[in-house]
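K.L.:
Protein chains in written order, with my numbering: chain A, 1 to 103; chain B, 1 to 103; chain C, 1 to 103; chain D, 1 to 103; chain E, 1 to 103.
These are calculated hints, taken from the structure and not from any lab test.
One copy or any two copies: either way a pair holds, since identical chains are not told apart in the list.
When the alpha-carbon atoms are kept at most 16 Å apart in a straight line, the in silico EDC-like pairs for lysine to aspartate or glutamate are as follows: (1) K31 / D95; (2) K23 / D84; (3) K31 / D53; (4) K31 / D84; (5) K31 / D5; (6) K23 / E87; (7) K23 / D53; (8) K23 / D45; (9) K72 / D20; (10) K31 / E87.
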Amino acid sequence: MFLADVVGTVVSPVQIRALDGRKLLILRPVKPDGTPTAKTRIAVDTVQAGVGDRVLVLDEGNGGRQILGDPKAPVKTLVVGVVDYVESAQGLAYDHRKRGKKP
Amino acid sequence: MFLADVVGTVVSPVQIRALDGRKLLILRPVKPDGTPTAKTRIAVDTVQAGVGDRVLVLDEGNGGRQILGDPKAPVKTLVVGVVDYVESAQGLAYDHRKRGKKP
Amino acid sequence: MFLADVVGTVVSPVQIRALDGRKLLILRPVKPDGTPTAKTRIAVDTVQAGVGDRVLVLDEGNGGRQILGDPKAPVKTLVVGVVDYVESAQGLAYDHRKRGKKP
Amino acid sequence: MFLADVVGTVVSPVQIRALDGRKLLILRPVKPDGTPTAKTRIAVDTVQAGVGDRVLVLDEGNGGRQILGDPKAPVKTLVVGVVDYVESAQGLAYDHRKRGKKP
Amino acid sequence: MFLADVVGTVVSPVQIRALDGRKLLILRPVKPDGTPTAKTRIAVDTVQAGVGDRVLVLDEGNGGRQILGDPKAPVKTLVVGVVDYVESAQGLAYDHRKRGKKP
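Could you build all of it, start to finish, from the sequences and the hints given here?
P.N.:
Structure (structure tokens):
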């Protein structure tokens with residue numbers, strides 16, 4: 001699994017049926033402190049995440065079968081959590097709860 | 001999954017049977033804004049994509065079994081969608097619908 | 001498998017059920033001599049490891065099903081061992097037993 | 001899948017039984033125009049390819065089970081096609097048929 | 001599969017049961033001519049390889065189930081062969097048989 005920021009969405013009308021009705025998010029993988037670490041990639045949302053959220057991304061196992069409940073979904077990159085906070089040896093590296101609380 | 005531009009095709013007469021009759025596309029992975037991000041790779045087409053299309057590429061799961069309907073197809077890199085448009089926090093990053101509409 | 005140092009933890013209240021109750025560790029992959037080698041990533045703990053431990057990380061196979069005992073856990077990056085020592089052709093490259101024994 | 005040039009062979013007398021009798025080829029992955037793109041790797045031949053051929057390489061799915069016809073073959077990097085020609089938007093990028101026709 | 005040199009061993013007393021009694025080798029992936037190509041990684045030995053051997057490494061398929069004979073072993077990076085010699089278009093790139101024969 002890895003951390004990422006949601007930076008956009010993709011709309012693809014001509015596509016395989018397993019993706020119909022799924023929200024496709026563009027993700028930018030980040031380090032615990034928010035520095036981007038890799039190329040953007042596309043994942044299926046499972047937790048109602050949106051642009052601006054920091055999320056926990058699963059990129060392994062049999063996500064399609066196990067999480068989407070669809071044994072035919074050939075997808076394993078899934079957004080599986082919205083991150084609340086990240087703690088490192090130096091203290092809090094990210095705190096979602098501070099968002100929107102600026103005066 | 002990732003975004004890519006279709007840049008060519010491969011013809012291979014001496015090959016395994018599971019690939020017979022499949023259209024093999026050369027893909028150049030791109031960022032949402034179209035910048036190339038990785039080495040070209042080869043995928044099986046499933047949505048009648050062609051050279052010049054921006055496509056949604058699946059590179060995980062059991063594509064061969066699940067999408068090609070062939071439990072023996074040992075392939076998982078598949079073109080599964082032709083992208084219509086891409087939205088980021090900054091607005092539209094790609095719009096397929098503008099192609100071919102130039103005066 | 002690879003070696004890593006545990007550098008933090010992630011808390012994500014909105015997440016898929018398979019992760020409920022699991023401790024999520026932030027790992028920094030390292031070389032035998034301790035030099036960082038790759039981006040941090042997130043894994044599920046199975047051996048009560050904590051921040052500061054050098055650990056053995058499994059990133060392959062069917063970890064969720066096989067180690068967590070949960071056929072539905074779509075996770076395969078797991079901390080599967082706390083390293084005691086590492087031997088190379090040049091001798092001991094790492095010795096956990098020396099930690100905490102400083103006078 | 002990806003394109004590669006066959007650049008050598010490996011002989012390993014002490015090995016697991018699933019590899020006995022298999023021809024092991026050293027491959028150099030290449031771009032459509034022949035530029036090397038990645039580290040060499042080793043694959044099992046299935047189409048009688050040899051040193052100097054440009055080949056189509058499968059590195060996904062369940063190649064061992066599906067192509068070698070051996071449910072116990074723990075191998076998925078297989079040479080599955082000898083490339084005849086490659087077409088890009090700029091025309092022919094590679095043409096196997098011209099090999100050996102030089103006067 | 002890829003080629004590697006065995007450069008060390010790891011001892012981890014606190015670990016999952018599937019690894020108990022397995023010899024864990026630290027590998028440095030190399031090119032056919034012996035140049036290192038990637039980060040070190042850790043694999044389970046299956047052919048009695050030791051520090052100094054050049055080995056054939058399997059990193060795909062279902063090694064744990066298929067080679068270790070343990071359907072629960074969640075491991076797929078395995079040392080599956082000790083290399084005798086490597087032939088490239090330029091001749092012998094590596095010859096294990098010359099080791100230890102220096103006068």
